[in-house]
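J.: The lines below spell out each chain.
2 protein chains.
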Amino acid sequence: MTIANLSTSVSTQTTSEKILDAAEGLFAGSGYAATSLADVADVVGIRTPSLYNHFRNKEALYGAVLDRLIDSFSAPLYELGQTEVTLEQVMGQLESVVRQHHANPNLARLLQHAALSGGPHTDELIDRLFRPMFSSPSKLEGGNIPMLGDSGLQPWAVMAFNNLVMSYVTMAPMYSDVLGLDPFSEEALENQLTLVKSLLQAVFEYKGA
Amino acid sequence: MTIANLSTSVSTQTTSEKILDAAEGLFAGSGYAATSLADVADVVGIRTPSLYNHFRNKEALYGAVLDRLIDSFSAPLYELGQTEVTLEQVMGQLESVVRQHHANPNLARLLQHAALSGGPHTDELIDRLFRPMFSSPSKLEGGNIPMLGDSGLQPWAVMAFNNLVMSYVTMAPMYSDVLGLDPFSEEALENQLTLVKSLLQAVFEYKGA
Chain A
1 MTIANLSTSV
11 STQTTSEKIL
21 DAAEGLFAGS
31 GYAATSLADV
41 ADVVGIRTPS
51 LYNHFRNKEA
61 LYGAVLDRLI
71 DSFSAPLYEL
81 GQTEVTLEQV
91 MGQLESVVRQ
101 HHANPNLARL
111 LQHAALSGGP
121 HTDELIDRLF
131 RPMFSSPSKL
141 EGGNIPMLGD
151 SGLQPWAVMA
161 FNNLVMSYVT
171 MAPMYSDVLG
181 LDPFSEEALE
191 NQLTLVKSLL
201 QAVFEYKGA
Chain B
1 MTIANLSTSV
11 STQTTSEKIL
21 DAAEGLFAGS
31 GYAATSLADV
41 ADVVGIRTPS
51 LYNHFRNKEA
61 LYGAVLDRLI
71 DSFSAPLYEL
81 GQTEVTLEQV
91 MGQLESVVRQ
101 HHANPNLARL
111 LQHAALSGGP
121 HTDELIDRLF
131 RPMFSSPSKL
141 EGGNIPMLGD
151 SGLQPWAVMA
161 FNNLVMSYVT
171 MAPMYSDVLG
181 LDPFSEEALE
191 NQLTLVKSLL
201 QAVFEYKGA
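Here the protein sequences come in this chain order: A and B. Numbered per this note's numbering, the first sequence finishes at 209, counting up by one with no gaps. Numbered per this note's numbering, the second sequence finishes at 209, counting up by one with no gaps.
Think of the hints as simulated: they come from the structure by calculation, not from any bench. Any given hint might turn out to be false.
[Claimed, not checked] With a Cα cut of at most 35 Å, we get these calculated DSBU-like pairs of lysine-lysine: (1) A/K197 with B/K197; (2) B/K197 with A/K58; (3) A/K207 with A/K197; (4) B/K58 with A/K207; (5) B/K197 with B/K207; (6) B/K18 with B/K58; (7) A/K58 with A/K18; (8) A/K197 with B/K18; (9) A/K207 with B/K18.
[To be verified] Covered stretches of chain B, going by a simulated chain A footprint (3 or more residues, C-beta under 8 Å): (10) 54–61; (11) 93–103; (12) 190–198.
Where a beta carbon is used, it is the ideal one built from N, C-alpha and C, also for glycine.
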């Protein structure tokens, strides 16, 4: 094994992966429109023309960033559409999605930027991430959620919990000081998990006044 | 009364107000960094140098937009810190804040941009809008919220409801298609009100499993 080979096997990240990492961070921070390929190249430490060897243009790079993020989320909330579910299953899936957004807040940030300012691939994001949650709402084992009765508001509750989980990470900088806790610390994660699970339990078990 | 006077009394909006309206829409859509004074001048239909007759620079204009928005919100949630409150009072204040963000989503959008991308005046926003909610948490008449017990999670519940109300308007474009309803319609507002009030009721009245 030559020195060159050794170096390659130690630094396993390809240039494409470095570009994707840099672009993910910049798109998540500033949004699609405010991020240039020159910004991305700067972070990677390459020249902008070299970037075109890996991605056709900014839109293609953004699409690749989104694909990688969506694939890396096991998307537990989006598997709920299939069949009857128990409270325990929903609880496990909620916990999993809270932990995933906490571990990598960039998907929520990119979605929030797209909702605020638009950008390419937004229809595709809706189709892949949001539509499955609503197209076939899960049936709770044993019937309707008593709190919601036959109000037809189950999709609104799904939206509320999805927003609750994502806005925790997208709004985090506003709260770290007033809560006296870094929202991305393990202690904050445990608090947020306890809170959202209590909320879900209340939704499922509260029988009405 | 001359024709000139008549014209002034009919068109009551001053140039400063037109500039504030244009800037509010642009900052809410694209965020602080991505909005230029030339963009604002274009929307108003004046030349950029004329804009400096009204506002010193972009940061001063952004500050004036924020001041106007914050003043126009009666900030009902932020009055909760004073004393013991009943569920009915909290419910009324939650309804009021949902209606205000629905009527003008730009404050929520600006706050979300600031949380994602930073910008001037962010510490002041936190001090004026967020700190009052947390500095002296309201006491519920009759003691702790049973669902939360003595977990110390009441501030986390305040954050959750604040995020829930604001993310409804900041994420709206992602859901209009899947809900089959414009989130800014009156019908959608009624659904959202019913949902968040049910959630609040469950939080206050659910006694735990």
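J.: All the hints need checking, so say for each whether the structure fits it.
T.: Evaluated hints:
1. A/K197 with B/K197: Holds: A/K197 and B/K197 sit about 18 Å apart, inside 35 Å.
2. B/K197 with A/K58: Violated, at roughly 43 Å.
3. A/K207 with A/K197: The given pair, whose Cα atoms are some 17 Å apart, holds under the 35 Å limit.
4. B/K58 with A/K207: Since the Cα atoms of B/K58 and A/K207 sit roughly 52 Å apart, the hinted pair is violated (cutoff 35 Å).
5. B/K197 with B/K207: holds, 17 Å
6. B/K18 with B/K58: With Cα atoms ~15 Å apart, B/K18 and B/K58 stay inside 35 Å; holds.
7. A/K58 with A/K18: Distance ~15 Å between A/K58 and A/K18 Cα, so the pair holds.
8. A/K197 with B/K18: violated, 46 Å
9. A/K207 with B/K18: Violated, at about 50 Å.
10. 54–61: Violated - the segment 54–61 of chain B has 0 residues with a Cβ nearer than 8 Å to chain A, which falls short of three.
11. 93–103: It is violated: at least three residues are needed, and the segment 93–103 of chain B offers just 0 whose Cβ sits closer than 8 Å to chain A.
12. 190–198: Our answer is that it holds, as 6 residues pass the Cβ test (under 8 Å) against chain A, meeting three.
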